[in-house]
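Asks: Build out the structure end to end from the sequences listed, making use of the hints.
The residues making up each chain are set out below.
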Amino acid sequence: MILKGKAWKFGDDISTDLIAPGRYFHLRSNLPELAKHVLEDADQKFASKMNKGDFVVGGNNFGLGSSREHAPTIIKLAGVSAVLAKSFARIFFRNAINVGLPVLICETDKIDQEDALEVDLAKGTIKNLVKGIELKFSPLPQVMITILNDGGLAAHIQKHGDFKLE
Amino acid sequence: MGKTMAEKIIGQHAGQEVRAGDIVVAKVDVCLTQDGTGPLAVRQLQKIGLEKAAQPDRTVLFLDHASPSPRKELSNDHMTLREFAHKTGAVLSDIGDGVCHQVINETYVRPGDILIGADSHTCTGGALGAFATGMGSTDVAIGIALGKTWLRVPETFKVAVNGKFPKGVFAKDLILHLIGLIGADGATYKALEFVGETITQMPMSERLTLSNMAVEAGAKAGLIASDETTKRFLEANGRGEDFRVIEPDPDAEYERIIELDAAKLVPTVSFPHTVDNTRSIDQAKGVKIDQVFIGTCTNGRLEDLKVAAEILRGKKRHHQTRLIVVPASRQVYLDALEMGYITVFVQAGAAMMAPGCGPCVGVHQGILGDGEACLATQNRNFKGRMGNPEAFIYLGSPATAAATALEGKIADPREYF
Ligand code: SF4
Chain A
-15 MILKGKAWKF
-5 GDDISTDLIA
5 PGRYFHLRSN
15 LPELAKHVLE
25 DADQKFASKM
35 NKGDFVVGGN
45 NFGLGSSREH
55 APTIIKLAGV
65 SAVLAKSFAR
75 IFFRNAINVG
85 LPVLICETDK
95 IDQEDALEVD
105 LAKGTIKNLV
115 KGIELKFSPL
125 PQVMITILND
135 GGLAAHIQKH
145 GDFKLE
Chain B
6 MGKTMAEKII
16 GQHAGQEVRA
26 GDIVVAKVDV
36 CLTQDGTGPL
46 AVRQLQKIGL
56 EKAAQPDRTV
66 LFLDHASPSP
76 RKELSNDHMT
86 LREFAHKTGA
96 VLSDIGDGVC
106 HQVINETYVR
116 PGDILIGADS
126 HTCTGGALGA
136 FATGMGSTDV
146 AIGIALGKTW
156 LRVPETFKVA
166 VNGKFPKGVF
176 AKDLILHLIG
186 LIGADGATYK
196 ALEFVGETIT
206 QMPMSERLTL
216 SNMAVEAGAK
226 AGLIASDETT
236 KRFLEANGRG
246 EDFRVIEPDP
256 DAEYERIIEL
266 DAAKLVPTVS
276 FPHTVDNTRS
286 IDQAKGVKID
296 QVFIGTCTNG
306 RLEDLKVAAE
316 ILRGKKRHHQ
326 TRLIVVPASR
336 QVYLDALEMG
346 YITVFVQAGA
356 AMMAPGCGPC
366 VGVHQGILGD
376 GEACLATQNR
386 NFKGRMGNPE
396 AFIYLGSPAT
406 AAATALEGKI
416 ADPREYF
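Protein sequence lines, in the order shown, are assigned to chains A and B. Position 80 (the first sequence) corresponds to 64 in my numbering; numbering is contiguous. Position 245 (the second sequence) corresponds to 250 in my numbering; numbering is contiguous.
Please keep in mind that the hints were generated in silico from the structure rather than gathered at the bench. Be careful, since some hints might not be right.
What the hints assert, rightly or not - Dumping the calculated EDC-like pairs for lysine to aspartate or glutamate here, alpha-carbon to alpha-carbon at most 16 Å:
| no. | chain 1 | residue 1 | chain 2 | residue 2 |
| --- | --- | --- | --- | --- |
| 1 | A | Lys(-7) | A | Glu91 |
| 2 | B | Lys153 | A | Asp146 |
| 3 | B | Lys290 | B | Asp375 |
| 4 | B | Lys13 | B | Asp256 |
| 5 | A | Lys70 | A | Asp96 |
| 6 | B | Lys32 | A | Asp146 |
| 7 | B | Lys57 | A | Glu91 |
| 8 | B | Lys172 | B | Glu308 |
| 9 | A | Lys115 | A | Asp99 |
Just so we're clear, the structure is a prediction, and the values are computed from it rather than from any experiment.
Replies: Printed below as a string of C-alpha cells:
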C-alpha cells in the first residue's frame, strides 16, 4: 500500500498525555470528539492544520507513558496515515498495531515540517518528495504484520477465533 | 545456560522452553482494567461478540481513576464496567476501594503469575515476583476473554543494588536516580530484575515503588525474586498459600548489568516535564511549590503515609502550600486511621481524599492552575499530566513531599530525621 501526505513534525518524548490529554478523560467514550484534541498539548493547531493522509513524524520514544489505546486510536481517527519516529515506547507501539495504525521506525532527521512524503508499506521505503531522498524503515515483526493485515487485533481474533500468529 | 525470571515465568505459561526474543502465546493468570481503559476494552469485546471472561474471579475491573465520578460521561463509563462485571462475573473494585495496582497486589497477584493490565503501571506486580505488564485496552480485552495473550520474551537488565540507604533516602530516590541515569527509554522493550542486598532487605512497600516505575525507563516489567518478605506480605493479606519461590538462575544471561550503591544516594527530584530530568536535592531545594500531593500507586502505601506523618506530626503545612493526601487502598486507609496518621494529616492542614488515583491523572481532585507547581509522590510529570499543560510537576519521595509541604518550597527531608 502506498501512503501519501505531508509531514507534521514533533520532537522527542511525545507522551500519551500530550496526544490524548487527561483533562479530556471524559471524552474517552466519544472518540470522534476526543480526536479533535489529538496532540493538542504538543501542537495546539495540529488537528485543524492537518489533512487526511498526512503523517505524524516524531523523534525518540514516541508515545511514552500511559497505556491509553485512545492515543493511537485518535491519531488514526483524525486521518493520519502513519506515525514515523526514531523509536517508540513499547505499549504505544503495540497499541498502534492493534488499532491498525502503521508505526514506522526510521531516521526522521531528514524530514522537515510539511515535507511531502510517499510511504510504500510493502517495500519499506519512505520517499521525501521535497528533498528527493529515499529512507528505509525497519520491518515489523511477522506477528504484527499478521495483526495489521487482519485490520487490528479485535478483527484478527474475530476472524480466527484465537491467536493465529505464524 | 540459566534463565532470567521473565524467561522462567513466560516459559511456564507458554508450555515450552523460551529464550529472550521468542514470541509465544501464554496463558494469563490475572487481568485488570480501570475506568479509563476498561470501557474501550468492553466495547471491543462487544464489537466482536466475545463478551465474556475466561477467568471471571481473576479479572478485576477498577473504578479508581475518576472515583467517585466527577461528571456524567464518566458515570456512564462506570455503568459500562458495572454491567460487564454483572454479565460476566468479573470482579468490580468500586469507588473507594483503591488504586488498581495497590489492590491487585494486596489481593490477587501471586509469585510466578502472569498479570496483564490495561494500565502502564501494571508492572508494579513484579515486586511480588510476577511477570506483570501493561498493555492497551484491546490486548487486555482479548486476554480477559480468552485467558491468554501473545508476548515477546524480553531481554533482561540486571539492576544490582547494594549498601544501606542513608536516612531520608528511599526506594523512590533509587528508582528516580536509575531513570535519570539510563533515561526514559533506557530499558524500552526490556525487563528489569532488581537484585542485591538492598533489595533483599527492602520491605514490600518499597519494592512495589521500584517495580511500579520500571515503565518510566521504558521497561516491560520490573521483577524481584520472591522471598521471606514476599511470603510475609502474602500472609499479612491472608493468602500465605499463594507463596512460591521464583528467582532467576545464577547463570542467567543478562543484556546489561547496572550496579548501584544505595549508600551514595541522596533525595532525588524529577523536574518538569520528564521523569528522567532528575536532580539531587541540593540542586532542587528552594523551588516554590503551590501544591503537595502524597498518594498514588507509587507512594500511597501505609509505610509512605507513616514517613510523611512522622515529619508532619504536630506541625502545619506552609500557609501558601496546600496538601492533598490519598491513601492507595481501603486497607491502607483503615490501617492509617488506626495508626493515627490520618489525624496527623488533617491537623497539619491536609485535604484527605478517598482511596483512588486522586489528582494523579488530571481528571479531578487537585488540578493545577496556570503556572502553578506541584511536588507529587506519583510516577509521572509529563506536561498536562495533572490536568493543565501550563503547570509544573516535580516528583519526589513521601519524605521530600512532607518536608516540602512544611517549607512551601522543595525541601531536604534529611533535615527531618
Ligand atoms: S495513581 Fe496515577 S499512575 Fe497510578 S494508576 Fe492511578 S493514575 Fe495511574
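Asks: If a hint holds in the structure, say so; if it does not, say that too.
Replies: Checked hints:
1. Our distance criterion of 16 Å between C-alpha atoms is met by A/Lys(-7) and A/Glu91, whose separation comes to about 13 Å.
2. For the given pair, B/Lys153 sits about 9 Å from A/Asp146 by alpha-carbon distance, which is consistent with the 16 Å threshold.
3. The straight-line distance between the Cα atoms of B/Lys290 and B/Asp375 is roughly 22 Å, outside the 16 Å bound, and the hint therefore fails.
4. Simply put, B/Lys13 and B/Asp256 have alpha-carbon atoms about 13 Å apart, close enough for the 16 Å limit, and the pair holds.
5. Between A/Lys70 and A/Asp96, the direct Cα distance comes to roughly 14 Å. Compliance with the 16 Å bound is thereby established for this hinted pair.
6. A distance of roughly 13 Å separates the Cα atoms of B/Lys32 and A/Asp146; the hinted pair therefore holds under the 16 Å criterion.
7. For the hint linking B/Lys57 to A/Glu91, the alpha-carbon distance of about 43 Å lies beyond 16 Å, and the restraint is violated.
8. At most 16 Å may separate the alpha-carbon atoms for a hinted pair to count; B/Lys172 and B/Glu308 meet this at roughly 15 Å.
9. Between A/Lys115 and A/Asp99 the CA atoms are separated by roughly 8 Å; this keeps the pair inside 16 Å, and the hint holds.
Violated hints, in rising order: 3, 7; the structure is consistent with all others.
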